[in-house]
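K.L.:
Those protein sequences? They're chains A and B, same order as listed.
Count the first sequence with the numbering used here and you get residues 6 to 157, in order.
Count the second sequence with the numbering used here and you get residues 107 to 222, in order.
Read the hints as simulated data drawn from the structure, not as lab findings.
Wrong hints could be hidden among the right ones.
[As the list claims (entries may be wrong)] Just so you have them, the derived chain A footprint on chain B, three or more residues with Cβ under 8 Å:
# : segment
1 : 109 to 121
2 : 125 to 133
3 : 146 to 160
4 : 163 to 169
5 : 207 to 215
By construction, the Cβ of each residue, glycine as well, lies at the ideal position given by its N, Cα and C atoms.
The primary structure of each chain is shown beneath.
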Amino acid sequence: MSQLNNQKDYKKNAKSYQPKPNYVINCIKAFFVGGAICLIGQCLQVFFIHFFDFTEKTAGNPTTATLILIAALLTGFGIYDKIGQFAGAGSLVPVTGFANSITSAALEHKSEGIVLGIATNLFKLAGAVIVFGVVSAAILGVIRLFLNNLLG
Amino acid sequence: MIFLYAFVVGGLICVVGQLLLDLFKLSPAHVIVSFVVAGAVLDAFGLYDKLIEFAGAGATVPITSFGHSLLHGAMAEGKAHGYIGIAMGTFKLTSAGITSAILFGFIVALIFKPKG
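Excised from the complex, chain B in its bound form (with noise of 0.2 Å):
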């Protein structure tokens, strides 16, 4: 059942970023930003983690789960350290996605031909 959730979260929370494309004419640029931001404002109502236990990759994959990562690890580190925390932990659950962003784009772009 899981899968079936993922499929259709996933696909809605697209679908928008299709209409915010469409009617609001916004960049694509625009349109992710405005999703990470919207990520971490949910996190900060706690309300993305019952997103996730509910359709678990439909809500981890889409990037509004970056901004939601890095809230997490930012209150993680903040609850045990204070202020400084949210310094400390802001990249602490993001890094693998981070890391390998770039170790694979640059790879790619080292071995391909840029096309068209």
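Here chain A stands alone, though its shape is the one from the complex (with noise of 0.2 Å):
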């Protein structure tokens, strides 16, 4: 029972010595950094539209491509992690953060071989998104075609 106690107490104490985010700074840094990557791609998506064939609609897909590509690379010279330090969500939330997480995930179990290591981790961290977009869009899808269908 006293442990129990001294557990409780100790999750107490120890919660006044961590240190505190600081909001402010952190949703500054995440708005810049964040804002900067979605500008890159919207230069990206302007290149594509006016020097390759692509239309406002079909854009998107090259320029996410680019987008993973460089996210890609930068997370094999270790210069995403860092980033990601100073910026946090704003590194994680755009679509590079995804690639940041397939590819950090398969370097890190590559010592364990290309088969068991690279290819078995790679959607560790990125396997959730998927199996919670495509969940939660197939329930939307059913109850959106069901509704049509019933409205006609």
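Each of the two chains sits in its own frame; use the hints to bring them together as a complex.
P.N.:
As structure tokens, then:
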């Protein structure tokens, strides 16, 4: 019983020693880095529309692919993790964060081999994104289709 | 002007993510998963397309657009083929993103050495 209390006390005491995140500065960093990544994306999109045969609707595909390539290379050089430490959600939320999670998980397990290390761990973190995306899209898709059929 | 909107909207979406990290103590994985689900929900109500029209890459680059494209592809095929179309179309629009992420992630992991 006393041990339990000690554990509770420990959690309470430790909390006051943990560094408090500086909410405002973290948000400003996330805003500028995240905004900058989206700005680069917008420039790429305009570039693909003007110099290649892409429309506004399809230009998102080469833009995403280019951003993913850049993010994968930056992860390989170890630069993206430094950006991530600085920017927090600013580099996590854009699609580049998705590419970073895939590449870094694969790199981390490289020593276990190409098949058992790289290939099986590629989706270690990104798997959650795909699972929840597909499940929510399926549920919402069925509901919307049902309503569409119902209302004619 | 679209460049400014892309910067501001993209930045604001990241600020929401940062607040979820700091205030609600969610892990990065939970933040990304909630954003994907949020993107699909916004698309279900037809709101995400309006955001893309307004902000361009500010709405298509954040991971919320992944959920939006999944549902969008599913609905496009669903309208043409019924309920099985939902399974046929889910990955139709996100194919470029997922393929390039797997391909480039694999190649980079082959070439580079892990850091740190």
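K.L.:
Hint by hint, say whether it matches the structure.
P.N.:
Do the hints match the structure? See the list:
Under the rule that three or more residues need a Cβ within less than 8 Å of chain A, the assignment of the segment 109 to 121 of chain B holds, with 11 such residues. For a cut-off of 8 Å, the count of residues in the segment 125 to 133 of chain B with a CB near a CB of chain A stands at 5, and the three-residue condition holds. Judged by the Cβ-Cβ criterion of 8 Å, the segment 146 to 160 of chain B is covered by chain A as claimed, because 4 of its residues qualify and three suffice. Chain A is given as covering the segment 163 to 169 of chain B, and this holds because 6 residues of the stretch bring a CB closer than 8 Å to a CB of that chain, at least three being needed.
Figure legend: the segment 207 to 215 of chain B, annotated as covered by chain A; annotation consistent (8 residues with Cβ-Cβ distances under 8 Å, at least 3 required).
Hint check: no violations occur; every hint is consistent with the structure.
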